[in-house]
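Number of protein chains: 4
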Amino acid sequence: MDNSFGNIFRITSFGESHGDLVGIIVDGVPAGLELDLEYIQNELNKRKPGQSSLTTTRLEEDRVKLLSGLFDNRTTGAPICLIIENKDFNSSIYEKYKNFLRPSHVDYTALKKYGGFSDYRGSGRFSGRITAGFVMAGAIAKQILKKYDITIFAYTKSIENIIDEETYIIDEFEKIVELREKSLVRAIDHEKSKLMEKIVEENRQQKDSIGGTVKCIITNFPEGKGGPLFNSIESNISKAIFAIPAIKGIEFGAGFKAARMKGSEHNDPWILKDGKIQTTKNDAGGIIGGISTGMPIEFTVAVKPTASIGIPQKTVNLKTMENVEIEFSGRHDPCIVPRVIPVIEAMTANVLLDCLLIEGYIPRIL
Amino acid sequence: MDNSFGNIFRITSFGESHGDLVGIIVDGVPAGLELDLEYIQNELNKRKPGQSSLTTTRLEEDRVKLLSGLFDNRTTGAPICLIIENKDFNSSIYEKYKNFLRPSHVDYTALKKYGGFSDYRGSGRFSGRITAGFVMAGAIAKQILKKYDITIFAYTKSIENIIDEETYIIDEFEKIVELREKSLVRAIDHEKSKLMEKIVEENRQQKDSIGGTVKCIITNFPEGKGGPLFNSIESNISKAIFAIPAIKGIEFGAGFKAARMKGSEHNDPWILKDGKIQTTKNDAGGIIGGISTGMPIEFTVAVKPTASIGIPQKTVNLKTMENVEIEFSGRHDPCIVPRVIPVIEAMTANVLLDCLLIEGYIPRIL
Amino acid sequence: MDNSFGNIFRITSFGESHGDLVGIIVDGVPAGLELDLEYIQNELNKRKPGQSSLTTTRLEEDRVKLLSGLFDNRTTGAPICLIIENKDFNSSIYEKYKNFLRPSHVDYTALKKYGGFSDYRGSGRFSGRITAGFVMAGAIAKQILKKYDITIFAYTKSIENIIDEETYIIDEFEKIVELREKSLVRAIDHEKSKLMEKIVEENRQQKDSIGGTVKCIITNFPEGKGGPLFNSIESNISKAIFAIPAIKGIEFGAGFKAARMKGSEHNDPWILKDGKIQTTKNDAGGIIGGISTGMPIEFTVAVKPTASIGIPQKTVNLKTMENVEIEFSGRHDPCIVPRVIPVIEAMTANVLLDCLLIEGYIPRIL
Amino acid sequence: MDNSFGNIFRITSFGESHGDLVGIIVDGVPAGLELDLEYIQNELNKRKPGQSSLTTTRLEEDRVKLLSGLFDNRTTGAPICLIIENKDFNSSIYEKYKNFLRPSHVDYTALKKYGGFSDYRGSGRFSGRITAGFVMAGAIAKQILKKYDITIFAYTKSIENIIDEETYIIDEFEKIVELREKSLVRAIDHEKSKLMEKIVEENRQQKDSIGGTVKCIITNFPEGKGGPLFNSIESNISKAIFAIPAIKGIEFGAGFKAARMKGSEHNDPWILKDGKIQTTKNDAGGIIGGISTGMPIEFTVAVKPTASIGIPQKTVNLKTMENVEIEFSGRHDPCIVPRVIPVIEAMTANVLLDCLLIEGYIPRIL
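Chains as they are written, first to last, in the working numbering: chain A, 110 to 475; chain B, 110 to 475; chain C, 110 to 475; chain D, 110 to 475.
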């Protein structure tokens, strides 16, 4: 229940940050897909630490290994098992801080949930590294969605107070991805990117961290999919997105801005254009009544600053049961926003593929 | 799949806005609970239209009727069926606008999803009235949670630009509920309430509508419940909340504000106080790693302005396939924020009770 | 969890034998189906007691009432709520026997499961009457399956030692149904029927009861549906069938006979006939590896004798905690086998429709 | 959906017979269990081919490898991944018979389900080898159930017409296991075992195969667990058991015999004995109304003869589309009944542990 997600396209996560491996079982993959493992590897590379001077230096290799579900290079309809092995880790610091509750870390909640038996090394199951499994599954989902011209694109919309308010239309997918990948923080606008990088670098030097927001845009998703109530696209995407560590908010379309708008402003007028019924703007974020409108699905996600910082913090020593102030050393990623982007794209792909399989829009044999 | 929610405590919604009734099946209710039907009725009354001069005038009676699951006034472990009958409705206007797509209404998406067969009268399954079922189920969940001292309280945090930034501590639950119920917009602060009421009244007169935000605070929820990944409290609450029409955003704790914070600001220091491990502040919103910390669970929700307004709008005439501008008449609720509050509380109660049943914290016989 | 079944086509049962009503919510019904309520009523009539001189005399009216999900006589994609009201019941005898554990009745297990809070009148949720809901849902499923030429037919294969070993081919569905309905025990063979009727009548006079077996044959079910492991057709059908009270066994194809066979006897040879790949016999019961072969799906079910008999029995008086022997009076159905037949057909229809919706074989709009 | 089973204790199967490995993810294992890997290995050894001169000679090593979920030798609450690697296999014969439909094999149904993309080598996902994963998961479940004195014991009740009709009481669990393990066919009665062995040996020499039945007895399972309808113990066990290849029937308690009994014979009288309410016999198989009675849970399973035999059989050549007769060579197991026993025990353990976790009878931290 905790570690599986989806109905027909269903992923099951396993592995620990400092165990042998991190993996994912991907069930419900339609048979007959020629699987591009290099594409999965590329997606994985976007999540991995140490991509730029700005980020944490853990030099994980993160080579995807496929253990089941493929035959003659094609999917068979069987569950696909994908793993990455854990190599470059040092668990000794976790021993050192074993008796201290790191602020905003899972030390306390894991202790209460698992009675002290959970693997605390590298945050175990709570590590961002677990999301490598999400990315591998999502890279399969994306390959299938691409066959139906459905693209998923996320980018850094803000870091601290540097906000890119531009509305992007994803008409040339490969180009905008290329543009984003040129930015060290995965922003689109060059100038904003430079300002964001500066903030991240400052936080890196101060051993502090900084949050940001990610916007995700899905194009060509067919209209009339999803449903009211508990199968709404918003319900399913939000459930998936909040499974990613560090996410603390999500909004669709105008989102929290809608809370300050009048109906006459917020309502998206319908228009017949090029023989197609569309809306003139998209404050609904492509979803009305939980169902896709055919306009781009758009949502924005709030990423909190990582809890791991190198500045003295107040906490409790569990052994002595005293209030103390200590500095937790260890690896440090000043801003995980750029690395969360492939994870957000992946979980979105997983949700949307499942939706289209349930609806019978995508068949079980490709 | 569309109309059921929960694992052990599981609700199934049925009925239409202008059909015979709106109902809910509540499965997994522990046996032996002395059910207070008057309490359910009171919760329902908070959701019903026409509570004040500010709101829509549909005078629904909304008397709760229990059809199954009770014996000698106690729950039996059997599914409980609760309904309200539909009486005061006039579907003629829906006939009138049948060929027009109301902006930001479900006319178009329902058409695409159900091929023109859905019951469009009063928005059918998409009506806010469907949430009366959520409220009835939630009123059962709340009665059970109350036995464990767990309280759920939501209030209007903002309407348009009037925002109540105060941090409330729910130490006297009945008192704060009483305070809120005195406000026509379900705000806590008296002065803010008056300003909000003024805005709502202006929109009512202009036949326009206005959005707002609702904050929800859960107290005494035990620590160590929920889980990482797909069973995170955030995942489960957000899935439930986005099943409510008009919700377009959710944030936990500092939420979107966290995206502009440094780790050194955002991290909640642990402290030993009164022999209990707590945090000195609660930017995590009572959840770390998807698991409850024992601090209050806090989240804020964005409610968009209702789509139904009495101002001319651009749209498409489906019969003639022409772009037109028309004014949709009919009942009009300028601000649904106050009426969404009992629904948010109810869905939160449903999620949290399910969580505590899964964990074995609340037994199957009370 | 207890009271819902299915994935896309999902039923949720509610109501009690001696409460206000017995009902079912049917979710996931494709939109656009012209629903034949008279057909549902006819199916229901086959389950109802008092159909012949042989059975219990409770004269339930059992008029199906539809409370939601229909518009202009067609399904809308919304959940359909169907109920029958309870009228002709007398709960006084249950008061009388409250302190006695009726042998092979649920008195003891319900007590332990629900702590004494369950509605014991008329066996409450454990009553065969609850299956009226299954039948109403199944009558919808059958209407949809019929559009794809898929028919489900069950009949009494044996009562006590009178066994009809004939292999029937369902080529003219309406005719064989007509033939079966002429038999008071729903057998096909006229002579066997007479022998079975005699046994039932003997048991009626002796206030005893008698068991039997039911065979179910599904024709025209498409090949290649179902799946290995946990989604096997056998897994799904058996789970559904054991939800029916009084069922104690199920076997597919040769079933328990296969346990005494050699592979060279049991294996069904493949043959190309009329341009179609078939098997020359069907010991597999139309399912290999959990997947349909395109041959008729066949299974047989064991129905135990009803526990309610009018003969003195040994049991425990819960109040005095003494071993006693008493005679339980009350209504008595000497053989429920004929009345279980529509329930078996219905649950089979529910399972198979769900399967074909999951596979995308039957679309979501008809 | 196809490859996962269970609610809280949830297993997910992956791997192929002739791929790299066969594995299982076991989610929902309570934290704090000291895991005995040697016990898992022993269970696995009971399933493995080549245990005696009677069985197939594939000499799989089948060493269990644990890839996740353990820390300091204890379970952590995280998903446990267990695998066995595939080493000793030769897929060339599958190439040879690629165009022929082996009778009663999955060649045809897999072709129709997966469009020709499934891994046919060694029957891929349909191989009995996949059940090694069930056994590994079950060996964890059994360790937990043992802490609550719940034991699961299955044995060969019949092979062909040699039937052991004895009713065994499992009072000394270890002893009866020892007795069974002395029998080459896992029977209890020494003389019956010898007769069974003789039949198996005959079939081995004739390159034929033979079916049988397995009886399973669960002792000390607490009363009042399970539920009516879709959560009945019979429903859940049968769903699990039919996920095992070669199973074609299941019956609980008196089962099909009940179909020939009168109520006065079949009803189990209640009796107060040693201060405990029990039944004087157990034709109900320990389950009434889907709920455990506290008496042993008993069921019997029909195992068909394996489809792989070395005798010429009629079939279709898919390439030439001609009816042919050919002899399929390859490894041959004349009777899989003894090897199915650990699988039946394992799936039963998985179901029952899940049930007790849902009920809150077994806590989430041990």
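Hints are supplied without guarantee of correctness; some may be wrong.
Pairs count within a copy or across copies, as identical chains cannot be separated in the list.
Stated by the list, open to error - Derived pair list, reagent style DSSO-like, types lysine-lysine, alpha-carbon separation capped at 30 Å:
| # | residue 1 | residue 2 |
| --- | --- | --- |
| 1 | 157 | 371 |
| 2 | 256 | 316 |
| 3 | 307 | 255 |
| 4 | 371 | 291 |
| 5 | 174 | 385 |
| 6 | 174 | 196 |
| 7 | 256 | 307 |
| 8 | 423 | 196 |
| 9 | 307 | 366 |
| 10 | 256 | 423 |
Hints listed in this document are in silico derivations from the structure and should not be mistaken for laboratory results.
These figures come from a predicted structure and were not determined experimentally.
Between copies, within a copy, both or neither: which fits residue 423 and residue 196 at Cα up to 30 Å? neither (32 Å within a copy, 54 Å between copies)
Indicate which option fits the pair residue 174, residue 385 if close means a Cα-Cα distance not exceeding 30 Å: within, between, both or neither. Cα proximity of residue 174 and residue 385: none, with 44 Å in one copy and 42 Å across.
From the Cα coordinates, with 30 Å as the cut-off, is the pair residue 256 and residue 423 best called within, between, both, or neither? neither (52 Å within a copy, 35 Å between copies)
Check residue 307 against residue 255 for me: Cα-Cα at most 30 Å, and say if that holds within a copy, between copies, both or neither. neither (35 Å within a copy, 50 Å between copies)
When no copy is named, should residue 157 and residue 371 be tagged within, between, both, or neither for a Cα gap of at most 30 Å? between (43 Å within a copy, 22 Å between copies)
30 Å Cα cut-off: does residue 256 pair with residue 307 within a copy, between copies, both or neither? Neither, since 39 Å and 52 Å both go past 30 Å.
When Cα atoms must be at most 30 Å apart, do residue 307 and residue 366 count as within-copy, between-copy, both, or neither? both (28 Å within a copy, 20 Å between copies)
Given identical chains, is residue 174 near residue 196, meaning Cα to Cα at most 30 Å, within a copy, between copies, both, or neither? both (14 Å within a copy, 18 Å between copies)
At most 30 Å between CA atoms: does that hold for residue 256 and residue 316 within a copy, between copies, both, or neither? For residue 256 and residue 316, neither the intra-copy (44 Å) nor the inter-copy (46 Å) Cα distance is at most 30 Å.
Status of residue 291 relative to residue 371 across identical chains (alpha carbons, at most 30 Å): Classified as between: cross-chain Cα gap 25 Å, same-chain 39 Å, threshold 30 Å.
In summary, the structure is inconsistent with hints 2, 3, 5, 7, 8, 10 from the numbered list given earlier, while agreeing with the others.
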